[in-house]
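Novice: For reference, the chains in residue letters:
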Amino acid sequence: MWSMILRRIGIGIVTMFAVSVIIFCGTRILPGDAAQIRLGQEATETNLAAFRKELGLDRPAHVQYFSWVKDTLSGDLGVSLASDVPVTDLIRDRYKNTLYVSAVTAVIGVPLSVLLGILAAMFPGGIYDRVVTFISVTLVSAPEFFLATLLVLIFAFYFNFTSAVVVGGVEGKTFLEILRHFFLPIMALCMIIAAQLIRMTRAAVLNVMSSPYVEMAILKGVPRKRIIMRHALFNAIGPIVNVIALNLAYLISGVVIIEVFFAYSGLATLMVQGVQTRDYNLIQVLGMLFCCVYIILMLIADIASIVSNPRLRHPR
Amino acid sequence: MSDSTKTATDVADDEIDFQELYDAAPRQKFRFSWTGWIGVIVVTFWFLIAILGPFIAPYGENDLPYPDAYSEFQVPTAKALLGTDVDDRDILSRIIYGAGRTIGISLAATILAYLVGVSLGVTAAVSGRWIDMGLSRVNDAFLSLPTIMLGLVVIAAVGSSLTVLIFTAGLIYATIVFRISRALAMDIMVQDYVEAARARGEGLWWIIRKEIWPNAAMPMISDFGLRLIYVILFVAGLSFLGLGVQPPAADWGNMVRENLGALQHVPYEACPYPKNAAGEDNWLCGIGTKFAVLAPALAISTLTVSINLIVDDLSSYAGGKLTKGM
Numbered sequence: 001m002w003s004m005i006l007r008r009i010g011i012g013i014v015t016m017f018a019v020s021v022i023i024f025c026g027t028r029i030l031p032g033d034a035a036q037i038r039l040g041q042e043a044t045e046t047n048l049a050a051f052r053k054e055l056g057l058d059r060p061a062h063v064q065y066f067s068w069v070k071d072t073l074s075g076d077l078g079v080s081l082a083s084d085v086p087v088t089d090l091i092r093d094r095y096k097n098t099l100y101v102s103a104v105t106a107v108i109g110v111p112l113s114v115l116l117g118i119l120a121a122m123f124p125g126g127i128y129d130r131v132v133t134f135i136s137v138t139l140v141s142a143p144e145f146f147l148a149t150l151l152v153l154i155f156a157f158y159f160n161f162t163s164a165v166v167v168g169g170v171e172g173k174t175f176l177e178i179l180r181h182f183f184l185p186i187m188a189l190c191m192i193i194a195a196q197l198i199r200m201t202r203a204a205v206l207n208v209m210s211s212p213y214v215e216m217a218i219l220k221g222v223p224r225k226r227i228i229m230r231h232a233l234f235n236a237i238g239p240i241v242n243v244i245a246l247n248l249a250y251l252i253s254g255v256v257i258i259e260v261f262f263a264y265s266g267l268a269t270l271m272v273q274g275v276q277t278r279d280y281n282l283i284q285v286l287g288m289l290f291c292c293v294y295i296i297l298m299l300i301a302d303i304a305s306i307v308s309n310p311r312l313r314h315p316r
Numbered sequence: 317m318s319d320s321t322k323t324a325t326d327v328a329d330d331e332i333d334f335q336e337l338y339d340a341a342p343r344q345k346f347r348f349s350w351t352g353w354i355g356v357i358v359v360t361f362w363f364l365i366a367i368l369g370p371f372i373a374p375y376g377e378n379d380l381p382y383p384d385a386y387s388e389f390q391v392p393t394a395k396a397l398l399g400t401d402v403d404d405r406d407i408l409s410r411i412i413y414g415a416g417r418t419i420g421i422s423l424a425a426t427i428l429a430y431l432v433g434v435s436l437g438v439t440a441a442v443s444g445r446w447i448d449m450g451l452s453r454v455n456d457a458f459l460s461l462p463t464i465m466l467g468l469v470v471i472a473a474v475g476s477s478l479t480v481l482i483f484t485a486g487l488i489y490a491t492i493v494f495r496i497s498r499a500l501a502m503d504i505m506v507q508d509y510v511e512a513a514r515a516r517g518e519g520l521w522w523i524i525r526k527e528i529w530p531n532a533a534m535p536m537i538s539d540f541g542l543r544l545i546y547v548i549l550f551v552a553g554l555s556f557l558g559l560g561v562q563p564p565a566a567d568w569g570n571m572v573r574e575n576l577g578a579l580q581h582v583p584y585e586a587c588p589y590p591k592n593a594a595g596e597d598n599w600l601c602g603i604g605t606k607f608a609v610l611a612p613a614l615a616i617s618t619l620t621v622s623i624n625l626i627v628d629d630l631s632s633y634a635g636g637k638l639t640k641g642m
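First to last, the sequence lines map onto chains A and B.
Residue numbers for the first sequence follow the numbering used here, so the first one is 1 and each next one is one higher.
Residue numbers for the second sequence follow the numbering used here, so the first one is 317 and each next one is one higher.
Here chain A stands alone, though its shape is the one from the complex (with noise of 0.2 Å):
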């Protein structure tokens, strides 16, 4: 098993320098030139080559990326091209939006929708699981500002409980005031996780179910509700990490639209900013900071299964 995961985790940090080069080729090469966007289109050419040198442009492509790489990982994250404020500050001033409204998102969706997805699959084809499975294909298939907009429409609007847009961080505030300012984005990532997450743990609960000991408990007579709570739920813990780790990262995207949509400051909307004004740098870093995030819960999500497969952990 411990072979398998460290199998795993190599893995993992190869796929992070690959897509370390994606990124890197995706900003840096197809374009060029960043120059000619710092200075603009009135810039001279000469004016350009000394810029693109103070910039290290003019090294070819692979020393660049090894420089890039070298001082990411010392800590260096350059300057924004856009407004010519270190990266490390502009993330600093958001970070915490994002990473407070997903850890929210986190603690309070994700229990929430095991808790649905265990329900579903206590009694398949019941009147409940019918309704939660059909709401949660429709807003799996449905766009996240659909929801959002719902979301508004009810709440903003029909209730007049919030206000439609979020305005302001989480700087000093509680638990609960973070709950009550970020109400509606947070209640809408919660709804775009928990639509994949029910339907996957009710997928893996009903796997378990469908499994020879649990035959054999039901044909000894065990009342159905111990049957789950005895003898499917622990044997469905790993499949319902694994499915955790991969809806953390469906994450990602959902908090792109999110923020855009309700128009608060976070790493999502600096990304998107950043995309606007071609500022490569930030883009770099924002995007090898999102990627390296999924590709860490997809670890989780893959190790979850390797440690919560038998044969696996107890190999003969």
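Simulated from the structure, these hints should not be mistaken for laboratory data.
A couple of the hints might just be wrong.
Label-pair ranges, simulated between beta-carbon atoms [unchecked claim]:
{"id": "1", "chain 1": "A", "residue 1": "Thr133", "chain 2": "B", "residue 2": "Ile357", "range": "20 to 30 Å"}
{"id": "2", "chain 1": "A", "residue 1": "Gly172", "chain 2": "B", "residue 2": "Leu380", "range": "39 to 49 Å"}
{"id": "3", "chain 1": "B", "residue 1": "Lys395", "chain 2": "A", "residue 2": "Thr72", "range": "49 to 59 Å"}
{"id": "4", "chain 1": "B", "residue 1": "Ser349", "chain 2": "A", "residue 2": "Phe123", "range": "15 to 25 Å"}
Away from chain B, derived, C-beta distances all over 10 Å, residues of chain A [what the hints assert, rightly or not]:
{"id": "5", "residue": "Asp89"}
{"id": "6", "residue": "Leu112"}
{"id": "7", "residue": "Phe183"}
{"id": "8", "residue": "Tyr213"}
Glycine is no exception: its CB is placed at the ideal position from the N, C-alpha and C atoms.
Position chain B against the provided structure of chain A, taking the given hints into account.
Specialist: Just chain B now, with coordinates in the frame of chain A:
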């Protein structure tokens, strides 16, 4: 028995070179459930709108229904059936024009994803170990990026245009198609009937055409639907972020973005009866002004949910083993 056992894919070339066993299980006929029929009706409706768009739209996509007045976010009237948007334009007409663009781009991108993904996937499955390894590892690297991030990086690099959008979405989703088609082809390649065909001395192309394709068609078609949903959501998401279809062209994603302001305030003069009989705020009246955001979001949702209803039927017919959960 020959006629009833043909599938649509066999009919293309009418020579059947082998007979089915007399005790082979009868082929299941494909039937839509009632939810599937709803899906078919709604999807057909949107595709018709997409094709006929310019002929049936009451106004041009950037025309103003009330040219003489300041008229943003008007409630629906006979003149503008869904009201007007932030720039005083007719929402209904923009939805109709947007249908063509949203569906056209997504369909083109999905077809591109399939052309690239399936050809590489089948190549990887049928060719030697090294080609397979190489293609799969490169593919894994791209798959380990969130699609929206990949899209953002590409668009930051090359800017946004219709072609860029189609190619970006197409190539990003080709990675997933590659994985699925490779798995599917690998799965089928080791089946007994393929072994038998090989033992008979059939060529590779013959096996792909006659053995792999008929068995892979149904799962692939239902996966095509699923992929189309994700591409629609991806393109709409990029347009919503202001990085996809550029204004003033109408697209469902950027219509939501442009009109987000409608969610934040209700222009008083936009509503003919702001108070109801009891003197309370008339919330229905407010909903009217929200059509600018609600209508395009609803349009995307009805389209994608309906495609999903069709896919559900298709994949339960096809076994759904490979397409579900990917």
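Novice: Taking the hints in turn, state whether each one holds.
Specialist: So, going through the hints one by one against the coordinates:
1. A:Thr133 <-> B:Ile357: 20 to 30 Å: 22 Å, holds
2. A:Gly172 <-> B:Leu380: 39 to 49 Å: Given range 39 to 49 Å: holds, Cβ gap about 47 Å.
3. B:Lys395 <-> A:Thr72: 49 to 59 Å: 57 Å, holds
4. B:Ser349 <-> A:Phe123: 15 to 25 Å: Taking Cβ atoms as reference, Ser349 (chain B) and Phe123 (chain A) lie about 21 Å apart, which means the hint holds.
5. Asp89: 21 Å, holds
6. Leu112: Non-interface label on Leu112 (chain A) holds, nearest chain B Cβ at 21 Å vs cutoff 10 Å.
7. Phe183: About 15 Å separates Phe183 (chain A) from the closest Cβ of chain B, which puts it past 10 Å; holds.
8. Tyr213: 23 Å, holds
Consistency with the previously given hints is maintained throughout, with no hint failing.
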